[in-house]
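Asker: Listed here are the chains, written in short residue letters.
2 protein chains.
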Amino acid sequence: MHPMPDEPPIEAHARETAATAPQAFDFRKHGHAMVDWIADYLEGIERFPVQPRVEPGWVRAQLPATPPVAGEPWERIASDVDRVILPALMHWQHPGFFGYFPANASGPSILGELLSAGLGVQGMLWSTSPACTELETHVMDWMCGMLGLPEHFMSSGPGGGVIQDTASSATLCAVVAARERATGFAGTGMGLQGDARTPGALVAYASAEAHSSIEKDLRIAGIGAANLRLVPVRSDRSMDPDAFASMVRDDVRAGHRPFLCVAAVGTTSTHAVDPVRALAATCAAHGLWLHVDAAHLGIAALCPEFRAIHDGVELADSYCTNPHKWMLVNFDCDAFWVRDRATLVRALSVLPEYLRNAATETGKVIDYRDWQVPLGRRFRALKLWFTIRHFGTSGLQDLVRRHVALAGDLRARVAAEPSLVPVCPTSWSLVCLRHRDGDDATQAIIDRVNGSGHAFVSHTKVDGRLVLRVSIGAPSVAGRHVDALWELIRGAR
Amino acid sequence: MHPMPDEPPIEAHARETAATAPQAFDFRKHGHAMVDWIADYLEGIERFPVQPRVEPGWVRAQLPATPPVAGEPWERIASDVDRVILPALMHWQHPGFFGYFPANASGPSILGELLSAGLGVQGMLWSTSPACTELETHVMDWMCGMLGLPEHFMSSGPGGGVIQDTASSATLCAVVAARERATGFAGTGMGLQGDARTPGALVAYASAEAHSSIEKDLRIAGIGAANLRLVPVRSDRSMDPDAFASMVRDDVRAGHRPFLCVAAVGTTSTHAVDPVRALAATCAAHGLWLHVDAAHLGIAALCPEFRAIHDGVELADSYCTNPHKWMLVNFDCDAFWVRDRATLVRALSVLPEYLRNAATETGKVIDYRDWQVPLGRRFRALKLWFTIRHFGTSGLQDLVRRHVALAGDLRARVAAEPSLVPVCPTSWSLVCLRHRDGDDATQAIIDRVNGSGHAFVSHTKVDGRLVLRVSIGAPSVAGRHVDALWELIRGAR
Numbered sequence: 001m002h003p004m005p006d007e008p009p010i011e012a013h014a015r016e017t018a019a020t021a022p023q024a025f026d027f028r029k030h031g032h033a034m035v036d037w038i039a040d041y042l043e044g045i046e047r048f049p050v051q052p053r054v055e056p057g058w059v060r061a062q063l064p065a066t067p068p069v070a071g072e073p074w075e076r077i078a079s080d081v082d083r084v085i086l087p088a089l090m091h092w093q094h095p096g097f098f099g100y101f102p103a104n105a106s107g108p109s110i111l112g113e114l115l116s117a118g119l120g121v122q123g124m125l126w127s128t129s130p131a132c133t134e135l136e137t138h139v140m141d142w143m144c145g146m147l148g149l150p151e152h153f154m155s156s157g158p159g160g161g162v163i164q165d166t167a168s169s170a171t172l173c174a175v176v177a178a179r180e181r182a183t184g185f186a187g188t189g190m191g192l193q194g195d196a197r198t199p200g201a202l203v204a205y206a207s208a209e210a211h212s213s214i215e216k217d218l219r220i221a222g223i224g225a226a227n228l229r230l231v232p233v234r235s236d237r238s239m240d241p242d243a244f245a246s247m248v249r250d251d252v253r254a255g256h257r258p259f260l261c262v263a264a265v266g267t268t269s270t271h272a273v274d275p276v277r278a279l280a281a282t283c284a285a286h287g288l289w290l291h292v293d294a295a296h297l298g299i300a301a302l303c304p305e306f307r308a309i310h311d312g313v314e315l316a317d318s319y320c321t322n323p324h325k326w327m328l329v330n331f332d333c334d335a336f337w338v339r340d341r342a343t344l345v346r347a348l349s350v351l352p353e354y355l356r357n358a359a360t361e362t363g364k365v366i367d368y369r370d371w372q373v374p375l376g377r378r379f380r381a382l383k384l385w386f387t388i389r390h391f392g393t394s395g396l397q398d399l400v401r402r403h404v405a406l407a408g409d410l411r412a413r414v415a416a417e418p419s420l421v422p423v424c425p426t427s428w429s430l431v432c433l434r435h436r437d438g439d440d441a442t443q444a445i446i447d448r449v450n451g452s453g454h455a456f457v458s459h460t461k462v463d464g465r466l467v468l469r470v471s472i473g474a475p476s477v478a479g480r481h482v483d484a485l486w487e488l489i490r491g492a493r
Numbered sequence: 001m002h003p004m005p006d007e008p009p010i011e012a013h014a015r016e017t018a019a020t021a022p023q024a025f026d027f028r029k030h031g032h033a034m035v036d037w038i039a040d041y042l043e044g045i046e047r048f049p050v051q052p053r054v055e056p057g058w059v060r061a062q063l064p065a066t067p068p069v070a071g072e073p074w075e076r077i078a079s080d081v082d083r084v085i086l087p088a089l090m091h092w093q094h095p096g097f098f099g100y101f102p103a104n105a106s107g108p109s110i111l112g113e114l115l116s117a118g119l120g121v122q123g124m125l126w127s128t129s130p131a132c133t134e135l136e137t138h139v140m141d142w143m144c145g146m147l148g149l150p151e152h153f154m155s156s157g158p159g160g161g162v163i164q165d166t167a168s169s170a171t172l173c174a175v176v177a178a179r180e181r182a183t184g185f186a187g188t189g190m191g192l193q194g195d196a197r198t199p200g201a202l203v204a205y206a207s208a209e210a211h212s213s214i215e216k217d218l219r220i221a222g223i224g225a226a227n228l229r230l231v232p233v234r235s236d237r238s239m240d241p242d243a244f245a246s247m248v249r250d251d252v253r254a255g256h257r258p259f260l261c262v263a264a265v266g267t268t269s270t271h272a273v274d275p276v277r278a279l280a281a282t283c284a285a286h287g288l289w290l291h292v293d294a295a296h297l298g299i300a301a302l303c304p305e306f307r308a309i310h311d312g313v314e315l316a317d318s319y320c321t322n323p324h325k326w327m328l329v330n331f332d333c334d335a336f337w338v339r340d341r342a343t344l345v346r347a348l349s350v351l352p353e354y355l356r357n358a359a360t361e362t363g364k365v366i367d368y369r370d371w372q373v374p375l376g377r378r379f380r381a382l383k384l385w386f387t388i389r390h391f392g393t394s395g396l397q398d399l400v401r402r403h404v405a406l407a408g409d410l411r412a413r414v415a416a417e418p419s420l421v422p423v424c425p426t427s428w429s430l431v432c433l434r435h436r437d438g439d440d441a442t443q444a445i446i447d448r449v450n451g452s453g454h455a456f457v458s459h460t461k462v463d464g465r466l467v468l469r470v471s472i473g474a475p476s477v478a479g480r481h482v483d484a485l486w487e488l489i490r491g492a493r
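Chains A and B, in that order, are what the protein sequence lines are. Everything in the first sequence is counted per my numbering, starting at 1 for the first residue and increasing by one. Everything in the second sequence is counted per my numbering, starting at 1 for the first residue and increasing by one.
Hints are computed from structural coordinates only; laboratory data are not their basis.
Note: identical chains are not told apart, hence a pair may lie in one copy or across any two.
The calculated lysine to aspartate or glutamate pairs, modelled on DMTMM-like cross-linking and capped at a C-alpha distance of 25 Å, are:
#1 Lys29 x Glu46
#2 Lys461 x Glu417
#3 Lys29 x Glu75
#4 Lys364 x Asp447
#5 Lys461 x Asp367
#6 Lys364 x Glu55
Next comes chain A alone, as it looks inside the complex (with noise of 0.2 Å):
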């Protein structure tokens, strides 16, 4: 199909390839040595503490010093894995793992990374490697409809999407491309600071109950966390849609600019959902760029029955949610949708002569380094297509419903047990929950429980009080691991 041109072979030369040259290693065996010692620390993940105990300064007091002069044998390398890593780790594959957000990976996506490694391919722009760009639009449109999110953004339409390293990165994004919307292209121009057409300050909303990256992003943007208005929250921990009305109209009346909300569908501490429909009518009414931070629980969307996670996302200018966390896609890997591609690609778009190109100039290409923060990009792509394809679409939803019902049976656990409260439940992967008595005893769970081995759980606080977080997400959890969790929970054992 794409064939050689007919001209003789390049002639032989008397200079070698010099000893580092990649044939000088034997990929294949060290190679095949890595996959089976791999597939060995999976299938016997739960043989190692969940948690590690080691002192801080322990890993380093085990290497030396400065690197070797002279390259070593692979062999002592790959011993120092068993020697100095292992004993240092968090296991988050490990199905007693309820800590944080699942980081869950699976072996096409594994195998989808060491594809992307081995290739050693740059889909900065799309001249620079064509199958990573447009396999990477591929199966961000193919995400979009089994998430069940809008038409618009797909890439046949004016929006499209982009994967990003974190959510945290994408929001980065659409903090830029809200700001650059609301003042008219000046960080292209005089910079924020120079921005004095208009006087008052831009400023953010989410709720109080948002994620710390979207303070940082707003710093990192030149917004000042001063100017993200944290919206009081529901009893249920969502966002207060009138509220938000009242403090826009106030900001509005005061001569400030509100210029962006970012909406969470599932808050990091308790997955409460934030009001995205009655949020989207404020945000027209006043002009604000609305993107909905889906980092964990978006992926729920897979499944019919709690699409309605997704209500009012076909009004949001910008969308993320993180394979990475519930798909089974190892880190990283977060999707990222916009509803007008050109904003953001305006936003982000620096043009130097050494990256002029015929593709580029024809506009028939995506150049994805105008969707992102850095310049280079690997083909992260393929470890997304890999897991899809493998799974299949009814694959991916077994294994959201499987972790949903074991955290039912848990909740349920959970709310006949007097001596524990249940903590905005919810009624998909999460389980919150504190003891009666209080944050000492709260703590003494926790330290029951990770102090086990068996399991990890982690912690936030609500209404002032200490929360027990259960994260039911690990690829291999079953209903042992959470019985056994349980057991630690009510001091069985």
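Add chain B to chain A, keeping to what the hints say.
Answerer: Chain B in isolation, oriented as in the chain A frame:
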């Protein structure tokens, strides 16, 4: 060393692990096959044309419009890599790839990436996987020594190193830290727009030849492209330090606030080296943050005989270079150091309840989430560790020397060829040239090279004239590949 406690094993439970668990995928078998595929690909890479010959849309036309509902057999998925992906790749690892920058990889590094994906751990906090943080600190200290960088970049002092995805992101961190230092941490408070304590705009400086990421980062950070001063260059295309000093003085006189200078150690177009020591004197006199962007060329400092490129970097506030460009570590791996980590961390740290932990509160550990834009981070130190140990510092020096020698050979041939004009000749691995007869003739050379399938070069402009760039750095490039390129350049084939 870290055994499991003496508790009974978790009992078996009737509820089975679902088919989506990784066990359902024969990771061992398919992993071995993928390793073999990559080994075959890299061994036989010369049979592919370096630049692909596909039209926009070709890849997507090979793919079904919707994802499969049921999972597909792995063999079908894997065979689509040959059918759909391979014909549409630029082969960056091909020894005839001389474009942009080398994105060179190596077997040990690919296995480091594989292991990182297989472990699937998160390094956002020390506590979320201590090995992920400590190994990174350790190899960054190693790198500091390997490159002859100042002792105060070491983690043992007030500075430290961190792995970023790209130099763009590292420079964004430098921009934000510099902005915050200059404004008394306004970003954590009122933001740029509200920073009315001192009049006049924050202004940044880089040479007219600086990388596009600097303007992009200044846009993102709200400084604005209009507040980037492009300092004129000298005949060797390096920044004119007198012009810089004079521009800073003029800006100060006009009431502006110079806050940042980005010096290039190796500009993208021609590898010009800005006079860091002279720039540092002006920065010190006026309180500017000095960031050194040595993305590609910095790696040359592995060899003592090239270490003059680092003259003056001990006076810089931050520095970055990319092992993923010229040190056999697959993308992404940028090495970024700061002289004063406290400023960087203060600029980027937001600590919500759900990330609080005992180790962080001791103040004795590094939490790298505060050293970068994203929160999540994967275990990138593994590939750097594997690469340094497998090749040893001498092996990596050999690689640099081999590439520099090949460039020297080519440079001599260009100099001896009357139809060609060497452009900004340096002593390292980049050779720039143009045709005596002007841009059309130069373009004809580029078209001939890139149309051959045997080699790929990219271009730039210098003094308004089209210039062909030969960047020598592919892992397996040898004399015969440069010979073949030379034959193509001079039109002998």
